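Participant: Sequence:
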Amino acid sequence: MDTDTAVTFRLVALDIDGTIRSDEHPISDRTREVIDRVREAGAAVTLATGRTFKSAVRQTAELNITTPIATFQGAQVSEPVSGDVLWHMPLTQPMTRTAIAALDGWDVQVMGYRGDAVFVSEMTDWSSGYGKHNGVEVNEVGDLAAYSANEMTRLVAKGDDDVIESLETALRSQFDSDLYVTRSLSYFCEILHPEGGKDKALDWLCGHLGIETRATLVFGNGYNDIPMLQWGGHSVAVGGAVPQALEAADVVAPPIEEEGVAQILEDFLDRGLIG
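Positions 0 to 274 (numbering that gives the first Met the number 0) are the ones given, in order, by the sequence shown.
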């Protein structure tokens, strides 16, 4: 992180859920308008989200974002209009099988993602509902470990909050830097290739766009945003973020209900720091 705001920011990276929208607070007109102003000033705007690509493009369409976006918790970077995958860091077959074996005995439901398709050992009411809610195909394959002959974009374990917190701690201890383990929602533990993650995806995107890391302005709120907040040139945690995200950020914005992201962007634009 570089707290020197004398730099002109050329890339604004936004987490979606909990940062620019929530179930109670959809993306506001004020946020849409300031994102348009950011683009008009000459900076690129991207999304860095745990959502699938298919789910994330609902927001790129709403916000008129055409810059490549980081999805699947930073395992993939894609063109939002064409859908072309520019960068992908999937779990290898050995990584997938090792991770699935480590989840054995935990009271969780495990989903494997290959692109926008989701695979489960057994279909449950929850996994069926997840597919319908997110507009993704959920496939019952019997033995998920045996099915993982091809690379998986990521694995997600769903369970009670206390189980997921303990699972994340256990997996991080077991795998250290061999796998990237994060908690996206309180009930989701996600497992990615060690070179995946929002920070890694955005670092690749900066190289692709010819933008220095110090010229990035990033916004987040969750456990999964912490590496991105630590990586960014200037990082902003939204009010109400998890304590570790608040600690990792350079600045804390007001919460969603006060349109904190819009407030920060308006201030930076007015000060000529974005362009």
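The set of hints was computed from the structure by calculation and includes no laboratory data. What you are looking at is a predicted structure, and each value in this text was computed from that prediction instead of being measured. Fair warning: there could be bad hints in the mix.
Claimed, not checked - Straight-line C-alpha distance at most 30 angstroms; calculated DSS-like pairs for lysine-lysine:
1) K131 to K157
2) K157 to K53
3) K131 to K53
Participant: Now tell me if each hint is right for this structure.
Facilitator: Results of checking the hints against the structure:
| no. | hint | in the structure |
| --- | --- | --- |
| 1 | K131 to K157 | holds (16 angstroms) |
| 2 | K157 to K53 | holds (20 angstroms) |
| 3 | K131 to K53 | holds (12 angstroms) |
The earlier numbered hints are all upheld by this structure, with none contradicted.
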